[in-house]
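The lines below spell out each chain.
Number of protein chains: 2
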Amino acid sequence: MDAHKQLTIGLFGFGVVGEGLFKILQQTPSLKASIKKVCIKHPGKKRDAPDELFTTDKNILLNDPDINVIVEVINESEPAFEIVSTALKNGKEVVSASKKMIAEHLPELLGLQKQTGLSFLYEAAACASIPVIRNLEEYYDNDLLHSIKAIVNGSTNFILTKMFEEKLDFQQALLLAQQLGFAESDPSLDVEGFDAVNKWTFLLTHAYGIIEQPDNIVFTGIQNIQGSDAAVAAEKHFDIKLVAQAKKLQNGKVAAFVLPQFIRHDDHLAFVKNEYNGVVIESGFADKQFFYGKGAGSFPTASAVLSDLSALRYQYKYEYKKLYHHTPHELTNDFYVKVYISFDDWSYVPKDRFEWIEEWHAENDRKYLVGVLAFEELRKNSWWRENNTSLILAPETIIEDVEIRKLKKKSLELAGIV
Amino acid sequence: MDAHKQLTIGLFGFGVVGEGLFKILQQTPSLKASIKKVCIKHPGKKRDAPDELFTTDKNILLNDPDINVIVEVINESEPAFEIVSTALKNGKEVVSASKKMIAEHLPELLGLQKQTGLSFLYEAAACASIPVIRNLEEYYDNDLLHSIKAIVNGSTNFILTKMFEEKLDFQQALLLAQQLGFAESDPSLDVEGFDAVNKWTFLLTHAYGIIEQPDNIVFTGIQNIQGSDAAVAAEKHFDIKLVAQAKKLQNGKVAAFVLPQFIRHDDHLAFVKNEYNGVVIESGFADKQFFYGKGAGSFPTASAVLSDLSALRYQYKYEYKKLYHHTPHELTNDFYVKVYISFDDWSYVPKDRFEWIEEWHAENDRKYLVGVLAFEELRKNSWWRENNTSLILAPETIIEDVEIRKLKKKSLELAGIV
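Residue numbers (this note's numbering), protein chains in the order written: chain A, 1 to 418; chain B, 1 to 418.
Quick caveat, the hints were computed from the structure, so don't treat them as lab data.
Pairs count within a copy or across copies, as identical chains cannot be separated in the list.
SDA-like mimics (lysine to any residue), calculated; alpha carbons at most 20 Å apart, straight line:
id, residue 1, residue 2
1, Lys32, Lys317
2, Lys288, Leu180
3, Lys273, Glu192
4, Lys23, His146
Whole structure, please, built from the sequences with the hints as guidance.
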């Protein structure tokens, strides 16, 4: 008995990931997978592969009955969706690495999977070499996943690491990231958190059965973080990381966001430096798990595509267990967060909207405070990311609704205010 | 299209893991898996489950045509093998957590899998909640796995952590481990490295296609490690861990062993404390990956069994790719190791068998040296683990055959000897 089928691949995209995959497949004959045709945008470019492999006509791949798998690793979201949805409709299984496309089109993609019964796998779209989707699908059941927090963007993590370890300022660190190829020439997708929230959107589906558009999830990036923030963090023995997180609250709903956070040195995520990614999962049964690996780059991403191809050979497909086999969780904004906020002028910060303020420091040009805000305030308003204002979550940031009165009283007592 | 079959389970063993699994399955109806019958050894014991679930007759499970999956989580190796092999011959798929049994009977078990075409999964047998086997099977191809090193035994890691962090001596730390349930009342299986080398035996099969009996792999445990060793380590800014490792050498063969090792504080494994396990994999494409989680205990182990059950639903089976689809690697003893050795008396240490000695310290009751040995010396002789002598590998311990002359010359020059 051998369930393995020969995979004949139509590949879209021959950038760093596509070319990496091509090279890896040449070195792994055991996979019984071969690339029949590659669809590219710019035929003129010099490529390290035979000319007859390439075409600019997507239909040659999508309509070829020999091709049973489409691998899509292009950069643009809408053409990627067009390719993926046509491929599924044409009876082909699909492997994709397009996080933005998946984040924005997940409902349609779920529908197409249901309708066609075909596999659509995208381990490469989040954390590349870390098998996070597969683990969320296979290891955790709905009731048991207490929380998940992760560093899902290598570019911003590289920049923050350099700001801390080499005391570079943001612009210097960004430049270095670009020189080393860890950030795009237009880095805003990474730096401002768009890439991270895209990944978080579908990881929330696998973790909790939540389906949301990325712009319904509160997020920002690291664009406003200052050298002075890094200095405050160092003084408090914290790192700063851009953390995507989700936590099941006592009311059964889920708090989820992508925001910079102070991280204690003994936190697993403090371990994740430079361009690496890391995922910490807390659950009822497996307890605490930590996965760490390269989250981007040609070969790490291609190796994730390879693992999806390998899974296709035994008809693996995502079951979206938390969505289909359970009552999916709901997102909530009904909780509070403890935050550090630094800013250039007091007028940018609506002090009266804080539940309480524990610290304020006005002695330098760059001022900061530590206080507690209703999360709804972050969702509804944007003063906290405008005017060069920088928000960083406290290490244990989430305060549940049921605890807020007690904590407020205790905090004000400590401050000698009541 | 839905390939999912109902799993009707016959469970062998209702100790901490078996009972954990029973509880978890009750909480995860989505798995469509139910335990029909449980075979136990001692019918008299009070158990938190209906009486009619239990039997002491293994054949009631093994011959029940309704039961399509046998889950085996008993402690004894030979009865476990009897159960597993009969189950496979009777057409049932099998999930097991018996590391010793798997290590000792892997060739027969491979034969039975080939012969029957049935799945035999055992993710729970190594590192419990860390999906290490699945990752080795799915993510790495033969040529690409440079090295794997791991902490695979939680008991010894707990003891070492307490020796370091709380300055306990070995006996105190062991007692604490026993009190907390992290070590058996007869702890020698853990402490002397038997458990670790058993796990390493079959992980080497999944990593490199190597099939060896556990007693052909050089190993020891932490039984001879002294408080003074911990003090030397602390002085050098190292931790001590019991590390299972394998590395592909330049000659294409694999060096593999389970031995205590000095670990730098920035090494991934330094992060693994107390009863946790960790695995670091270096490969050509995915680069460096690190997996961390609970390696033992009722629920972590049961959660790994659960993930195997989940995989059975889509007919997943190990492919042993490195064994069947490639030329399997061979173990070699043809390399050198840099070691620290502490001992009570010089007469216990054959100094002339060292390639060279870099340090010697005879000033205290407990003496030590740092030197380089042919690995063959460790394989052939056992002075290094007798007479209370303690061997700890240096951080970059492996010296390949091709490098030894150059390194020896350099080292002796540095010491002012030549």
